[in-house]
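Chemist: What follows is each chain in one-letter form.
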Amino acid sequence: MISTDPSIWIAAFFTVTIMSYAFRDNPLFKFAERTFIAAVIGHAVVMGIDSLRQFGFNKIQAGNIFYVIPILLGITILARYHSEYYWISRYGMAALVGIGVGLQIRTVPEANIVSQLTKAITLGDNPLLGVFTALTTFTVIMHFTFTTKKIHEKPQNVLPVVGRYLMLIAFGAAFGNTVMTRMNLLIGRLIFLLRDLLGLMGA
Amino acid sequence: MSEEGFFNQLERIPRELIYAVLLIGLCYVLVYPVGLPIKVSGETKELYDSIEELPDDSVVLVDIAFGAGGMPELGPAFTAVMHHLYQRDLRVIVMTLYTEGPQMYDILVVNKIEPESSYDKTYGVDWCFFGYNAGGVTTMAELARNMRILETDYRDTPLDQLQVMEGVEDYTDVDLVITFSTSSGGISSPADWVQQWATPYEVPMACVVLKMMIPTVSPYYGTGQVDALIPGAGASAEYELLVNRPDEGLASTDALSVAHLIVIILVILGNIAYFGKGGGIAT
Numbered sequence: 096m097i098s099t100d101p102s103i104w105i106a107a108f109f110t111v112t113i114m115s116y117a118f119r120d121n122p123l124f125k126f127a128e129r130t131f132i133a134a135v136i137g138h139a140v141v142m143g144i145d146s147l148r149q150f151g152f153n154k155i156q157a158g159n160i161f162y163v164i165p166i167l168l169g170i171t172i173l174a175r176y177h178s179e180y181y182w183i184s185r186y187g188m189a190a191l192v193g194i195g196v197g198l199q200i201r202t203v204p205e206a207n208i209v210s211q212l213t214k215a216i217t218l219g220d221n222p223l224l225g226v227f228t229a230l231t232t233f234t235v236i237m238h239f240t241f242t243t244k245k246i247h248e249k250p251q252n253v254l255p256v257v258g259r260y261l262m263l264i265a266f267g268a269a270f271g272n273t274v275m276t277r278m279n280l281l282i283g284r285l286i287f288l289l290r291d292l293l294g295l296m297g298a
Numbered sequence: 005m006s007e008e009g010f011f012n013q014l015e016r017i018p019r020e021l022i023y024a025v026l027l028i029g030l031c032y033v034l035v036y037p038v039g040l041p042i043k044v045s046g047e048t049k050e051l052y053d054s055i056e057e058l059p060d061d062s063v064v065l066v067d068i069a070f071g072a073g074g075m076p077e078l079g080p081a082f083t084a085v086m087h088h089l090y091q092r093d094l095r096v097i098v099m100t101l102y103t104e105g106p107q108m109y110d111i112l113v114v115n116k117i118e119p120e121s122s123y124d125k126t127y128g129v130d131w132c133f134f135g136y137n138a139g140g141v142t143t144m145a146e147l148a149r150n151m152r153i154l155e156t157d158y159r160d161t162p163l164d165q166l167q168v169m170e171g172v173e174d175y176t177d178v179d180l181v182i183t184f185s186t187s188s189g190g191i192s193s194p195a196d197w198v199q200q201w202a203t204p205y206e207v208p209m210a211c212v213v214l215k216m217m218i219p220t221v222s223p224y225y226g227t228g229q230v231d232a233l234i235p236g237a238g239a240s241a242e243y244e245l246l247v248n249r250p251d252e253g254l255a256s257t258d259a260l261s262v263a264h265l266i267v268i269i270l271v272i273l274g275n276i277a278y279f280g281k282g283g284g285i286a287t
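Residue numbers (our numbering), protein chains in the order written: chain X, 96 to 298; chain V, 5 to 287.
Everything labelled a hint here was simulated from the structure, so no lab data went into it.
Every residue, glycine too, gets a C-beta built ideally from N, C-alpha and C.
A hint or two may mislead.
Claimed, not checked - Sample of chain V residues with no beta-carbon within 10 Å of chain X, all distances over it, derived: (1) Glu20; (2) Leu26; (3) Asp61; (4) Leu166.
To be verified - With the Cβ distance kept under 10 Å, some of the chain X side facing chain V (calculated, not the full set): (5) Thr202; (6) Met275; (7) Leu288.
With the rest of the complex left out, here is chain V (with noise of 0.2 Å):
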């Protein structure tokens, strides 16, 4: 085979082939996991402390901004976050702007966590949840005004009769907003939140959001304005470690390092094809 020849297959290998060695190496890993040590990065650690640092009874409003197909990488994070606030005496307040919101809150929160069995926690005293709301983000804009415009929550009970609503009337009363965002500009994302709530009103803020849009929201992160950014992917496996509840995003983490260290490799294969090849240089 001449050396042309060789590059030209190597930039042309069938893709077939590449998902076949993708689905036996993660299959492989997830049924024997290797074990690769974690180490627990600044910014999860940061997400983790400002939760910690939150004296007792305050409030917390969480933001579901995912759907189904979001919650392979947000689910996790979402799962071990809510862990953490139910761990603490803390109010917290659930809320989404997603259709899909209400079936997440149901499968992790209500399925999963078990507040009542695994805390000891009380719907209406310790947490609530508002389900969805239309309107996206002038509900969010109208929220930080005035929480009673939702008279009531999603099992249809008035605001005023849940306890956790107590003295909860607008963005005054609300010590920290975390949102889990699959959105990058559509309903609910993390630049709605900063541009209605944290800006405005300086109300601290936390985004957990796929690992893609880090990129998109770090300005935020970096001017202060969002004061805690993690992203679902890895970052789910060092918070599940911080409030030990090994789980999903634990069990993922050799599989992304196997996937990560396959497309690296292509990444190396292509490239030298294409300078084997002249580099697409004319000649």
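Chain X on its own, in the form it takes in the complex (with noise of 0.2 Å):
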């Protein structure tokens, strides 16, 4: 059974106007695309300006006068727009930097070079994946190291050349994930208009 829900018709004219494009750019796929961007930016303006209330007004109320420092650290960024005075935002930028760098200094190394070092020199619980894992990386860092033309050279060249063949499958898989995650999105559309519009679904 057709839905007789205006909120439905709403968004299934939408749906098919942003598919549309797939055809070819129309007026009617700008004003979709231009209404989903300023519904996107004002809802995050929203949930920004609550989040100012909860984290910083609310907290100066109740006496906490230290947290006008991150609220005066957030506007400083604001003076980027100002031809003169632009200098300022350096202030709060550095502050976003410094804060970010020091959360990732603390555990990336860890996270990201230890732990896949190690597994990438163990042979591990299956000690064929583990010389598979090792053979890639070798074989990939030999194609990027340009430090030496002889590397790639006959008849040493071997190595660069299985790395490029071996990243050459990794991205076909990251490809057929990426068609396999497109699709998904595509079905999922379909499916509310199939099923929520039109009712041509089982529940």
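Dock chain one against chain two, each of which comes alone in its own frame, and use the hints as you go.
Modeler: If you want it as structure tokens, here you go:
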């Protein structure tokens, strides 16, 4: 049974107009695109202001005056749009970058380097997979080693060539996964149109 | 038509025709499902078991890191896993660092799962929702050390008044973190969780991600930093089977298979055209 809910019809209208871009650009698509962007920005601004209220103004009102500092630092970033006082924004950016780097430097070397390297040079539970991982790591590093040309000359160029093919296999897998994700997005909207709007699918 | 003309035409199939075939094929199997058999993969069973093996009253932290754009793929997986969490006697804490997270919570948990009527669960006793919190990875890292930096939930109820939060102070009180993420490197990505929770504090972690993110997250899974890793596409159908809650995941399985069949045929046709024209070898 076809839905009589106006919100379903509005959602269906925007779904179809956005999908119409697959055939070619058109005014309805542009309208839907701008509406979507406006809605997202409006929503983000409201959530941001609410966050400021919850974690900033409410705390200051409760007597925690130190919460003025991050708010002031945040305001300094807006100075970026002033031709003369743009340098003030560096204080806010410096705080952001400093906190970010401080957080990451504490854990990234262990999480992204030590653990991955350990796995790459040990056999683990599955020796065959361990050897394959080590081989892949080594040959791909060879492919991107440009310090000496000799690595890329025959007969030793077999290593970088193997590395290139192993990378192509990885890219193929990534492409297949990406196609599956995109198809899933399409199927999600088709289920909405066929089930929620037209009532052609079972519950 | 000359042989080269044929291969040229094969290489230039109008995209409108491809989209039309895709749409007709997908719509047909969605309305008239074929019912292809589904086998539960080891990875999906791993996530299921990691929840099943938790003792009663364990604390599970669920992170919603997707918005409307990721809902078609992660929505069914999120719903299925949440059903499983509510089927068990666990304490579920839901959080989000995404501005769209609260909408996803309302649509999928409040309106779709309906824990009160479906599982006789009580908000504040069996589960709670922190609401949206800004700060990204900074908030995530601070939560590991002190959950009480968030003083209230999304209904502005103080966390101290929520029974589900009793004794939950920091990462040591969390038994499992599950992140549902569309973010490869932005806010609340699986890498952030691994770096701020799983690696420094060894908190068990499960990731449910977009299928295309699997190659970027799997290195963490390979090293054991992530205990379970499943994609939303496909795995949601398997999870719905495991928790006996058939929904969108299962409905989309046949369509996914047809979509892949069409893409594979197109890849083969593209290769026939490419090699038929000499494979790009300079002559």
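Chemist: Enumerate the violated hints, using their earlier numbering and listing them in ascending order.
Modeler: 1, 2
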